[in-house]
Amino acid sequence: MLSKAKQILRRRLEKAVAGGEVKNLQAPLELINNVRKKTAMAETFPEVIQVLKTEADENPEFGRLLGLIEVSAREATGDLGELEPSIKINTAKIPGSNGTLALSIEYNIKFNGDRTLRGTIAELVFKRVYPQLLGRLRCCSTTELALALRFCGEIVLKDIAIEDINAIILEYVRHLNMAREMLGLEKRSEAVLSNVLSSSELIRTYLPSRCLLCLDRAIPSNFVETDIKVAIKKNDEDRGIGYHTVHLILCNNCLRIAQEKGYITTYRPYKVIRERNPLFYETIMRLVRLVKILAHYEALSILSKIDDKAKTFLFEIYAWAGSGAHPFDFFCVDEQGGKYLVDVVSTRDYAGELAPLTKCEKEVAEEARKLGFKILVPVVRFLDNWTVKVELIEEKQASNHPSASP
Amino acid sequence: MVLLPEVFGREAYLMLNLDVGVCSEVVGVVATNPPWVVDVFPGIADEGRLPRNFGYRKNEFPFIYRYVYSRFGSEGAKCLVLYFILYHIEKLLRRGYDTEVIKESVKALVESYIDECRIKLQGELYDIAARSLSQVLSSVPERINEVVELVEGEYRQDPFDTLVEASTDFISMELHLVLYRKGYRGKRPFSIPREFFQERTGEC
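Here the protein sequences come in this chain order: A and B. To convert, note that position 270 of the first sequence is 270 in our numbering; the numbers rise steadily by one, no gaps. To convert, note that position 61 of the second sequence is 61 in our numbering; the numbers rise steadily by one, no gaps.
It should be emphasised that the hints constitute simulated quantities derived from the structure, not laboratory data. Careful, some of the hints might be misleading.
[As the list claims (entries may be wrong)] Quick look at which bits of chain A chain B covers, simulated, 3 or more residues with Cβ under 8 Å:
(1) 7-15
(2) 31-41
(3) 300-310
[To be verified] Pairwise CB distance ranges, derived in the manner of DEER restraints:
(4) S138/B / L371/A: 32 to 42 Å
(5) D98/B / E75/A: 27 to 37 Å
(6) R150/A / E146/B: 20 to 30 Å
(7) D98/B / N385/A: 46 to 56 Å
(8) A130/B / V129/A: 27 to 37 Å
(9) E75/A / Q157/B: 49 to 59 Å
(10) K305/A / E149/B: 55 to 65 Å
(11) G123/B / P131/A: 19 to 29 Å
(12) I109/A / E104/B: 36 to 46 Å
(13) D98/B / S304/A: 55 to 65 Å
(14) G78/A / E104/B: 45 to 55 Å
[As the list claims (entries may be wrong)] Once the Cα atoms are required to be at most 30 Å apart in a straight line, the calculated DSS-like pairs of lysine-lysine come out as:
(15) K6/A / K127/A
(16) K107/B / K261/A
(17) K103/B / K38/A
(18) K107/B / K374/A
(19) K107/B / K4/A
(20) K6/A / K370/A
(21) K359/A / K91/B
(22) K6/A / K103/B
(23) K107/B / K37/A
Remember, it's a predicted structure, so these values are computed and weren't measured experimentally. A virtual CB, placed ideally from N, CA and C, is assigned to each residue, including glycine.
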């Protein structure tokens, strides 16, 4: 496609020179070189666009050249018709399916797959193999880190010690049964619940989306609202009486029972009034806090190994970042308190091009190094027959990261 | 590469006091008769040869450097670096770049080779590579004008082709825009910067 567009451009240039529209070829070449130098200095794409616009306005010669390029590109793609899709969809019937329409998709992850997909696979591969590469490291993804910092920021920043997971689970079960007892509900078996929670990280992760008191899943038919805001009245001597709000998820049944017992108001917004039910209030608050800690236990326990300055730095970077926009892929610590930011890169062969750190990652890396972080770059190479080769590189300066040039 | 490696850049090799005989062999290995994959990557079960000019890209460079050094010694390794520099200069000249940019680009190329060697080569071999690359880095930019003139003198390109090649990035950008609007995302998916899309189409 590119070579076709180039041939067309060449023909058009020849015509333009023959017709006297373009006097000589050296002048446009110099203009292109000027634009290249200016755009090389431009830091963002809008700046590049601005340079092009300004150059085209100031130099009609350059504007004409851009016009010729635009027309050539259109002409080169003009007879494309139906374009070959990147995913082949086969609508043929599958034998034995009694004429039912069945679709199959042929998709080569290595070649058709987009970079994001390969990147995600590479991250999963790294997660799987890092204990073999660096057994002493403990890692969590930066997504988990961001959630932990966002929802448990005060635990991290106030340097509250994170106990052993089993101790936290026991405390959680104790408080859960206390709250259930207040509502007149049957106690949950301490042994069974502890066993399930200590063995399944997945269940711990999903705890915040379950009913706080009975641990049922939040199914719309079972919940008045999947997220009930409970305002808790507090006595604040300086500011008079006020409310603060915590987000609780309660199922219909638990909400009704709590209202019947007078722990939660029957009118909206639902409230737990501390003065009326101090014990219920304390228990609920403690339960909410323990659920948060359990859900983000891995990230919190890793964060507890690093110094306060590093914690504050990570909080500033990750706590309020948008979803999916986190610099680096993993955060790790070692037994000696060493801390690492990890950027997993992938390539389709044994010596392919590797993506460089993003501008944001370079900035973060520079600042992180000052605080003693090390930057690790695992390279995941997708080879034949489902084989991957993972190499680990420590990057000491931003410029050392494998970049796209030449 | 269009030019014959035995001839290409002969003067440049002489200019840097390199053994033209060794350089000719090295260039032959890299440009016309590339090594077997298994010779450069012993752990990989591949019966084919490497592509021509394998090693020019910076992440490939340490592998071919190690191979050439083991076969031709430090003289051969220097020839390899100079060959890639000449190849780089030729590519840039064909795309209409001026000497000032070429000088910076050659510097960046050699620096990127040093960085890659630091990551991928260990111990003594890295020291040797770093030393010889640093030598090249100090000697070539000083004489870049002469080297560029030499390369320029060894190939002929129609001025129309130079202008077309110089426009490659702009053509590529336009093509991506047209293809994107036709709904094509490609076997190797690409994206269009939003600002460019809005600027050219007026659409959001």
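Status of each hint after checking the structure:
Here's how the region 7-15 of chain A fares: 4 of its residues keep a CB closer than 8 Å to some CB of chain B, so the rule of at least three is met and the hint holds. Here's how the region 31-41 of chain A fares: 4 of its residues keep a CB closer than 8 Å to some CB of chain B, so the rule of at least three is met and the hint holds. For the region 300-310 of chain A, the proposed coverage by chain B is not satisfied: 0 residues have a C-beta within less than 8 Å of a C-beta in that chain, short of the threshold of three. At about 36 Å, the CB distance of S138/B to L371/A agrees with the hint of 32 to 42 Å.
The hinted range of 27 to 37 Å is satisfied by D98/B and E75/A, whose Cβ atoms lie roughly 30 Å apart. A beta carbon spacing of about 60 Å between R150/A and E146/B contradicts the range 20 to 30 Å that was offered as a hint. The given range of 46 to 56 Å is respected by D98/B and N385/A, whose C-beta atoms sit roughly 48 Å from each other. Roughly 31 Å separates the CB atoms of A130/B and V129/A, a value that falls within the hinted 27 to 37 Å.
At roughly 24 Å, the beta-carbon separation of E75/A and Q157/B lies outside the given 49 to 59 Å, and the hint is violated. At about 60 Å, the beta-carbon gap between K305/A and E149/B stays in the expected band of 55 to 65 Å. Judged by the Cβ atoms, the range 19 to 29 Å given for G123/B and P131/A holds: they are separated by roughly 28 Å. Range check, I109/A to E104/B: about 39 Å between beta-carbon atoms, so the 36 to 46 Å window is met.
The beta-carbon spacing between D98/B and S304/A, approximately 57 Å, falls within the hinted interval of 55 to 65 Å. Between G78/A and E104/B, the C-beta spacing of about 38 Å breaks the proposed range 45 to 55 Å. For the proposed pair K6/A and K127/A, the alpha carbon gap of about 45 Å is over 30 Å, so the pair is violated. Restraint check for K107/B and K261/A: not satisfied, since their Cα atoms lie roughly 78 Å apart, outside the 30 Å limit.
With a CA separation close to 17 Å, the supplied pair K103/B and K38/A stays within the 30 Å bound. Distance restraint check for K107/B and K374/A: the Cα-Cα separation of roughly 28 Å lies within the 30 Å cut-off, and the hinted pair is therefore satisfied. Restraint check for K107/B and K4/A: the C-alpha separation of about 33 Å exceeds 30 Å, so the hint is violated. Distance check on the hinted pair: K6/A and K370/A sit about 48 Å apart at the alpha-carbon level, beyond 30 Å; violated.
Restraint check for K359/A and K91/B: the C-alpha separation of about 28 Å stays at or below 30 Å, so the hint holds. Among the hinted pairs, K6/A with K103/B is consistent with the structure: their alpha-carbon atoms are about 27 Å apart, no more than 30 Å. Under the criterion of a C-alpha separation no larger than 30 Å, the hint pairing K107/B with K37/A is consistent with the structure, at around 16 Å.
Violated hints, in rising order: 3, 6, 9, 14, 15, 16, 19 and 20; the structure is consistent with all others.
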